[in-house]
Every structure is written in structure tokens, then in C-alpha cells.
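We have chain V; now place chain X onto it with these hints.
Here is how the chains run, residue by residue.
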Amino acid sequence: GENVEQHPSTLSVQEGDSAVIKCTYSDSASNYFPWYKQELGKGPQLIIDIRSNVGEKKDQRIAVTLNKTAKHFSLHITETQPEDSAVYFCAASIYQKVTFGTGTKLQVIP
Amino acid sequence: KAGVTQTPRYLIKTRGQQVTLSCSPISGHRSVSWYQQTPGQGLQFLFEYFSETQRNKGNFPGRFSGRQFSNSRSEMNVSTLELGDSALYLCASSLGTSGGQDTQYFGPGTRLTVL
Numbered sequence: 122g123e124n125v126e127q128h129p130s131t132l133s134v135q136e137g138d139s140a141v142i143k144c145t146y147s148d149s150a151s152n153y154f155p156w157y158k159q160e161l162g163k164g165p166q167l168i169i170d171i172r173s174n175v176g177e178k179k180d181q182r183i184a185v186t187l188n189k190t191a192k193h194f195s196l197h198i199t200e201t202q203p204e205d206s207a208v209y210f211c212a213a214s215i216y217q218k219v220t221f222g223t224g225t226k227l228q229v230i231p
Numbered sequence: 090k091a092g093v094t095q096t097p098r099y100l101i102k103t104r105g106q107q108v109t110l111s112c113s114p115i116s117g118h119r120s121v122s123w124y125q126q127t128p129g130q131g132l133q134f135l136f137e138y139f140s141e142t143q144r145n146k147g148n149f150p151g152r153f154s155g156r157q158f159s160n161s162r163s164e165m166n167v168s169t170l171e172l173g174d175s176a177l178y179l180c181a182s183s184l185g186t187s188g189g190q191d192t193q194y195f196g197p198g199t200r201l202t203v204l
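In order, the protein sequences belong to chains V and X. For the first sequence, the positions run 122 to 231 when my numbering is used. For the second sequence, the positions run 90 to 204 when my numbering is used.
The shape of chain V in the complex, shown without the other chains (with noise of 0.2 Å):
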């Protein structure tokens, strides 16, 4: 089955620096990569999505990239504020069945 990895698993960073984290994917047959946060005691929340036809996608200061060929994608996080603060998944997608990393829990200092 698919497997997802996901580094670093944290990562702290001073309050308007950037933030990357980044994940690969063992199948190729995997067309669909989101990215979730999530924040204590609630459910992951979409942050942003890139489907396996588009190589990069933004959205104001969150980044997504995709590389097919060497099946890694990652997360960029721009001019990071406290509210970032938080646990960032990846996850990888096939037919709806959804493989997720492991978590980036991250801290951003003011």
C-alpha cells in the first residue's frame, strides 16, 4: 500500500521566518496531496491541495509543490505568525483511500 513520510516531525521558527515541510510518497498511482493542520482537541482542517496534474499551487502565504518524477511534495508557510502554530499533515490520495504522514508539529516563536 502507500506510504508516507513526513520530516521533520517538529520544527520551530521565529515569528515572520519560513516555514517547509516536506513528504514522499511510495505509489504513483497517488493523484491528490493535501495538507491539513490541526490544532488541539479538533479535527484536521484543509489548508491546501494539489491535484497531480499541477506542478505548484499558492494561496497568500501558503505554498504547495509537487514533483511526479521524484513523488515528493512539500509545504511552504511564508511570513509565519503564532497562529500557525500548530500540527501540519500531508496526506496522499488514491481512489479516496487517504494515507497521511506522520506530522510536523510546529511552533512558531513571537
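The hints are all genuine.
Here are the simulated DSS-like cross-link-like pairs (lysine-lysine), alpha carbons at most 25 Å apart as the crow flies:
(1) 146(X) <-> 192(V)
(2) 163(V) <-> 102(X)
(3) 218(V) <-> 146(X)
Read the hints as simulated data drawn from the structure, not as lab findings.
Then chain X, alone, in the frame of chain V:
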């Protein structure tokens, strides 16, 4: 539009008992997926239902089962509970019709504690 709702939010059970969790998807969504989240194993896919049929299944034992009703509401059942079943159980809904490229929206989860 109302989000995904899950009931109950918290449950405490003892080993050997069974439990049923409920999920109401976003209006118009026909796909409901269930996930187990634990500190050790992370987020793991249990199964997905679409139009009352199980369409996908993860690698969980048969003690974990589910169903979906004609109004797309879904229930998940765990029989003969074990200590290791303690987890946050998350439900996610989506339209389910975009070849696996649907956005899934998660509910707040049900926190199950098995004593």
C-alpha cells in the same frame, strides 16, 4: 453550511464492550471516511462509504465495522473493545465523485477511552 458533526464527543468504555460512533456529513456529501488517530500510529484510514456501500477499506481487524444510511449519515462500530482501541476517531465527508481528488472535511472527532 453546517460542518461535519460527530457524536458523542467523548466516550469511556471497558474492555470487551462494544461501541457505536455516529457521523453526520456536510449536506450534499455522499462519501464518509473514518480514521483512527493515536499518538503512536498517527492518522490511519479505517474505511470509506459512498452511497451506502463500503468502497474502500484499511487494514483494521473485523471488529471495526461501519455502515452508511440513505441520508449519508454513517456509523462506526467497534466490538470487543481492547485497550489499544483508545483513540480519537475522526470522520470526514466529501462529495466522493471526483476520482479520489475530492476535498475531505473533518469533524471534531470522538475521543474513545477504553479502561
